[in-house]
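Participant: Chain by chain, the residues:
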Amino acid sequence: MINYRNSKKLGYLFVIPLCVFVFVFMVYPIIYNIQNSFHDWNGIEVEKTFIGLQNYIELFRDPIFKTVLKNFALFAVFTVGVQCVLGLLIANLFRKKFFGRDIAKAIVFMPAVLSSVIIGQIFFRIMDPNVGYLNSFFKAVGLDFLAGAWLSDPKTAFFVIIIINIWQWTGYSVTLYYGAMMGISNDMYEAAKIDGASGFQILKSITIPLVRGTTYNLTIIGVIGALKQYDLVAVMTAGGPANSTQTFASYMYQASFGTYRQGYASAIAVVMFIIAMIITIIQLRMYNSKTLY
Amino acid sequence: MKKTEAMKKIVTYLITLLLIAIILIPILILIYGSLKGGGIKNYIDVLTNYHIEMYFKNSIFVTVIVVVMVVFMDILAGFALSKLQFPGKNFIYVFLLSALLLPAAAIMVPVFQISSKLGILNTYISLVGPYVVLIAPFNLLTVKNGFDALPNTVLEAALIDGCSTFKALWKIAVPMCRPSIMMAVIWTFLSSWNEYLFASIMLREESMMTITVIPTKFQQMYGGNTGKLFASLFIIIIPVMIVYFILQKFVTSGMNDGAVKE
Numbered sequence: 001m002i003n004y005r006n007s008k009k010l011g012y013l014f015v016i017p018l019c020v021f022v023f024v025f026m027v028y029p030i031i032y033n034i035q036n037s038f039h040d041w042n043g044i045e046v047e048k049t050f051i052g053l054q055n056y057i058e059l060f061r062d063p064i065f066k067t068v069l070k071n072f073a074l075f076a077v078f079t080v081g082v083q084c085v086l087g088l089l090i091a092n093l094f095r096k097k098f099f100g101r102d103i104a105k106a107i108v109f110m111p112a113v114l115s116s117v118i119i120g121q122i123f124f125r126i127m128d129p130n131v132g133y134l135n136s137f138f139k140a141v142g143l144d145f146l147a148g149a150w151l152s153d154p155k156t157a158f159f160v161i162i163i164i165n166i167w168q169w170t171g172y173s174v175t176l177y178y179g180a181m182m183g184i185s186n187d188m189y190e191a192a193k194i195d196g197a198s199g200f201q202i203l204k205s206i207t208i209p210l211v212r213g214t215t216y217n218l219t220i221i222g223v224i225g226a227l228k229q230y231d232l233v234a235v236m237t238a239g240g241p242a243n244s245t246q247t248f249a250s251y252m253y254q255a256s257f258g259t260y261r262q263g264y265a266s267a268i269a270v271v272m273f274i275i276a277m278i279i280t281i282i283q284l285r286m287y288n289s290k291t292l293y
Numbered sequence: 001m002k003k004t005e006a007m008k009k010i011v012t013y014l015i016t017l018l019l020i021a022i023i024l025i026p027i028l029i030l031i032y033g034s035l036k037g038g039g040i041k042n043y044i045d046v047l048t049n050y051h052i053e054m055y056f057k058n059s060i061f062v063t064v065i066v067v068v069m070v071v072f073m074d075i076l077a078g079f080a081l082s083k084l085q086f087p088g089k090n091f092i093y094v095f096l097l098s099a100l101l102l103p104a105a106a107i108m109v110p111v112f113q114i115s116s117k118l119g120i121l122n123t124y125i126s127l128v129g130p131y132v133v134l135i136a137p138f139n140l141l142t143v144k145n146g147f148d149a150l151p152n153t154v155l156e157a158a159l160i161d162g163c164s165t166f167k168a169l170w171k172i173a174v175p176m177c178r179p180s181i182m183m184a185v186i187w188t189f190l191s192s193w194n195e196y197l198f199a200s201i202m203l204r205e206e207s208m209m210t211i212t213v214i215p216t217k218f219q220q221m222y223g224g225n226t227g228k229l230f231a232s233l234f235i236i237i238i239p240v241m242i243v244y245f246i247l248q249k250f251v252t253s254g255m256n257d258g259a260v261k262e
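Sequence lines, in order, name chains V and X.
The first sequence finishes on residue 293 if you use UniProt numbering, and the numbering steps up by one all the way, no holes.
The second sequence finishes on residue 262 if you use UniProt numbering, and the numbering steps up by one all the way, no holes.
Hints may be right or wrong, so weigh each one.
Unchecked claim - Taking lysine-lysine and the DSSO-like style, the derived pairs with C-alpha atoms no more than 27 angstroms apart in a straight line are: (1) Lys-167/X / Lys-8/V; (2) Lys-167/X / Lys-204/V; (3) Lys-3/X / Lys-89/X; (4) Lys-3/X / Lys-9/V.
What the hints assert, rightly or not - According to the in silico footprint, chain V covers these stretches of chain X (three or more CB under 8 angstroms from chain V): (5) 80 to 91; (6) 117 to 124.
Source of the hints: derived by calculation from the structure; they are not laboratory data.
Bear in mind that the values here come from a model prediction, so they are computed numbers and not experimental data.
The beta carbon of each residue, even a glycine, is placed where N, CA and C say it ideally should be.
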């Protein structure tokens, strides 16, 4: 640490610009939402009516909000689970150099840099029940039973969104796992091989324990991602059919700009903050428990 | 022994090919579909009749402002948090990082109200605030990690030679931490370029809209004309794909330092 004459003054001077932004666009909005969530307000008129906890009571009785919570859990469990398992296996495959590996790695990561909105649009068209290529493909290869209106069925629509998210973000997991695996000393693998360990045993007993820091990071990123999920839902289903694909963000958008219930939208935002805070606390606990390095 | 090695290789290649196919097939369908109906004419039509270049310009304008602001503030804050000593530093660091967990939608209503009160709705200024808060924290991690890796002795030597702290930052620390700063530039660029929620709320006038918002408009405009819709989608993603493959090394190389390190 450098300690010289004007270190203190400069230190504050350098962090102030960013802190100001975070205050205005994070701290103030949090306070605003908490205050607003106790009011009934359409967002246009000046007058707000204080209604106490009414918004929260309604929220926890709202069947659509139950769907929102269920979708959050489904999204988090499936995307984190699948992306971690696939990411780990694919990264393990890429551990050894082979012809074309680096290009393959680059291609697998590519969807992560594309806009989810555009990806959603592409898949929306591909999955069109009448003119989409997916159903034509299924019919052409004789898998007619797979051809269906997946996005307009409330039972399957949200899983389609989950699968597209997995398509987009598995490469991200691969890249992080690959980087972590590159940090593992080769001697360890050599020693295990000499002892006659199989590929699976090496993966289970050496690689997985040593990359658990990455697994943990990906889990946090994934759960937060599930909480934030908006873009794919917005362009593919807009929360439908029959509100089956509503997420926190899409339902909040609907309450704000669809039904003009700002107080209700703010109550949803507050629940979102609380969940984000719980995740942060768990995260800090885990860092402090020093099981990671 | 030889045989199993050969088998392993074949399996590796088969799985790799399958992976590449899964990623590329939707893109290939997009290209194939974009030629349906009018062939290359679809592209000419989208490029000439629908002013797609205008939306590109808007996106570039917003993105350049955001990249400059985010990276500049991240460099200042990252340097202070890494190399300078002042009371409350750790608290400030945790405070800034807590914005990492901030869901964009949760600040949507208040930020919209702020912009509405300030009368800056439908201007690009209204996007800068939320974008900075949503994008800067992640890149702060990257930039700070870069400075952390820089030995103090280098900076101390410069200071002893009479260099001011500010000069030491810009003339020595920044050039030496180019890879992590480059990575912050690229990720800020991508996050700003791909942002949808705020762009769709704040910009109401069509001539102001950014490129990510515009496909939903095309969707309404072209309706059943898949060919032109696909052509417009491909035109939108191709620049990002090209930039990605050129800068690929920078995009992913430092990702582990940024994400894994505490």
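Participant: Does each hint hold? Answer for all of them.
Facilitator: Cross-check of the supplied hints:
no.: 1; hint: Lys-167/X / Lys-8/V; result: 17 angstroms, holds
no.: 2; hint: Lys-167/X / Lys-204/V; result: 50 angstroms, violated
no.: 3; hint: Lys-3/X / Lys-89/X; result: 59 angstroms, violated
no.: 4; hint: Lys-3/X / Lys-9/V; result: 68 angstroms, violated
no.: 5; hint: 80 to 91; result: holds (count 8)
no.: 6; hint: 117 to 124; result: violated (count 0)
When each numbered hint is compared with the structure, violations occur for hints 2, 3, 4 and 6.
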